[in-house]
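Engineer: Given the sequences, and given the hints that come with them, work out the whole structure.
Chains A and B, in that order, are what the protein sequence lines are. Its first residue numbered 7, the first sequence is counted upward by one per residue in the numbering used here. Its first residue numbered -1, the second sequence is counted upward by one per residue in the numbering used here.
Careful, some of the hints might be misleading.
[Said to hold, decoys possible] PhoX-like cross-link-like pairs, simulated, lysine-lysine; straight-line CA separation at most 25 angstroms:
no. : chain 1 : residue 1 : chain 2 : residue 2
1   : B       : Lys359    : A       : Lys100
2   : B       : Lys359    : B       : Lys479
3   : B       : Lys443    : B       : Lys359
4   : B       : Lys366    : A       : Lys99
5   : A       : Lys99     : B       : Lys359
6   : A       : Lys100    : B       : Lys366
7   : B       : Lys443    : B       : Lys329
8   : B       : Lys427    : B       : Lys366
9   : B       : Lys366    : B       : Lys486
10  : B       : Lys359    : B       : Lys329
Since the hints were made in silico from the structure, they are not lab data.
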Amino acid sequence: MDFISILSIFVMACFVGYYVVWSVTPALHTPLMAVTNAISSVIIVGALIAAAAGAQADGSQVAKWLGLVGVVLASVNIFGGFAVTERMLAMYKKKERK
Amino acid sequence: MRALLGGAAALFFATPAMAASGEAVNPWVATAYLVAGVLFIFALRGLSSPETSRAGNRFGMVGMLIAVVTTLWTHSIASLPEIAGAIAIGGAIGFFTARRIAMTDMPQLVAAFHSLVGLAAVLVGIAAYLNPGAFGILDATGEILTVSRVELGLGVAIGAITFSGSVIAFLKLNGNMSGAPIMLPMRHVLNLGVLAGIIGLTAYFAIAPTVGTGAIFWTIVGLSFLIGFLLIIPIGGADMPVVVSMLNSYSGWAAAAMGFTLGNTAMIITGALVGSSGAILSYIMCKAMNRSFISVIAGGFGADSGPSDGAAKIDRPWKRGSAEDAAYMMKQAENVIIIPGYGMAVAQAQHALREMGDLLKEEGVNVKYAIHPVAGRMPGHMNVLLAEANVSYDEVFELEDINSEFAQADVAFIIGANDVVNPAAKTDKGSPIYGMPVFDVEKAKTIFFIKRSMGGVGYAGVDNEVFYMDQTMMLLSDAKKMCEEIVKAL
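Structural biologist: Here it is in structure tokens:
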């Protein structure tokens, strides 16, 4: 993809982010941070590419191991972030009025 | 997992994986990443109300699964066992940490998670620099594309700042490091110098020939780690909600920069979402403290609680109440508003507090909880703790929704909060917290103020007029013990 199309997606996504985040209720700001944390670990895609490609003939072994460490770190975040968000959200309950 | 991937690979047989170049040309692959990005938008959209939030979180998980599986499918995996192992190790650590962490420790956990995103971004950036072919960022002559070099430089810089900044934030929140600001001499000059160095070097890195730029690249990485550290050490505990939000934003921008390098829509959309999310939260926090973002970043807030006003306040008369007084008064009351603050989190008093609230409700008292945007150490901190203690979320109100009700309230029950109920913010132009929106607790008929001792003041280091008011009774005790005693007295 050329730079301008990527930039367009980025700018549009910033606007989407702006409006979506303002609609988040303040009570859920902590889960918001936890879940944004989890999804920003989509950086694992880059780590996977590095780890996968590094093992090829022309690949750098160092890059491969950096990628693998990156995969570990991002995985901590993905599993941890979604799990802790799930745990928090499960606590937000509306009790039945007696 | 291997069998699954094998089967999946067959699906993509028609368009063989691009082995050496990471650029995904397959339109299905691009679509898959786009779908993942859209699912992430749904994940945030779900958080607009507690009812839809859990579905939102599931969307996020599906989106992540799509992104990971798509990447694995479309790249020839020469080291699948290692990758599977890496995911298993990281996943297990993350999952068990998430399950066991106490809700009061959530700010530290989030800071720790931010640091991991930052470090992962740095590692990916370095890997891309060392092995550009795999990332498809080489031009015809075998050099890294200029635009990619800018993205790489920015990506590792933001990632490194996120990492070292979050580590300091974590140490401060976790109590391994004093929450008080640490002031270095000449820090503004130093910070600006380092920042200018990073920007200048990134520009040079982009235009210089690839050969021999290694030193520049590594200097950018090193300086960025340094500036993250320098930026956060002078920031005090009360400003942590802003810092945590800001680092949240940075972790997003780091992911977006890497997304540019990889031309990956999922990463770009996510990065933009997370980046704007953190930026908006920082803005909300700053506004709730009536402070500019720059002044928070410049740091030093909460450092100076002068000994002179310390001596003055001890002499003033104040009334001491007991748990029995509080129990009696609140039982008679019609409307009680409870204002929790960071002290409740420290004392782990949320469960005892909820028990107290429930008993009062059985007596026919109308109990509401009032939460200030900057109560606690991260946005929404108090809401999570009350939710953990099983407080129904429709009894919890934000500052602007409940502030008019204090005039009708019989009791304002302040537990572990201080600056957010300080009327000086409205009246005293010289006060460091002047202009900050605060609860109008002084309009309530009776005020109970739980505090450990009369000595300490809030993080802003300001004395609070509410302590000495006629209708105020100070309940000097640990917040949890006091709630338990009131429960007994009820």
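Engineer: Give a verdict on every hint.
Structural biologist: Results for each hint:
For a cut-off of 25 angstroms, the pair hint linking B:Lys359 to A:Lys100 stands: about 15 angstroms separates their Cα positions. A distance of roughly 20 angstroms separates the Cα atoms of B:Lys359 and B:Lys479; the hinted pair therefore holds under the 25 angstroms criterion. Between B:Lys443 and B:Lys359 the alpha-carbon distance is near 19 angstroms, which keeps this suggested pair within the 25 angstroms criterion. Annotation: proposed proximity of B:Lys366 to A:Lys99 holds, straight-line Cα distance about 15 angstroms (limit 25 angstroms).
Of the supplied pair hints, the one linking A:Lys99 and B:Lys359 holds, its CA atoms being roughly 17 angstroms apart against a limit of 25 angstroms. Restraint check: the Cα-Cα separation between A:Lys100 and B:Lys366 comes to about 14 angstroms, which is no more than 25 angstroms; the hinted pair holds. A C-alpha spacing of about 14 angstroms is found between B:Lys443 and B:Lys329, which places the hinted pair at or below 25 angstroms, so the restraint holds. With a C-alpha separation of about 31 angstroms, the suggested pairing of B:Lys427 with B:Lys366 is violated against the 25 angstroms cut-off.
This hinted pair checks out: B:Lys366 and B:Lys486 have alpha carbons roughly 21 angstroms apart, not beyond 25 angstroms. A C-alpha spacing of about 9 angstroms is found between B:Lys359 and B:Lys329, which places the hinted pair at or below 25 angstroms, so the restraint holds.
Hint compliance for this structure: hint 8 alone is broken.
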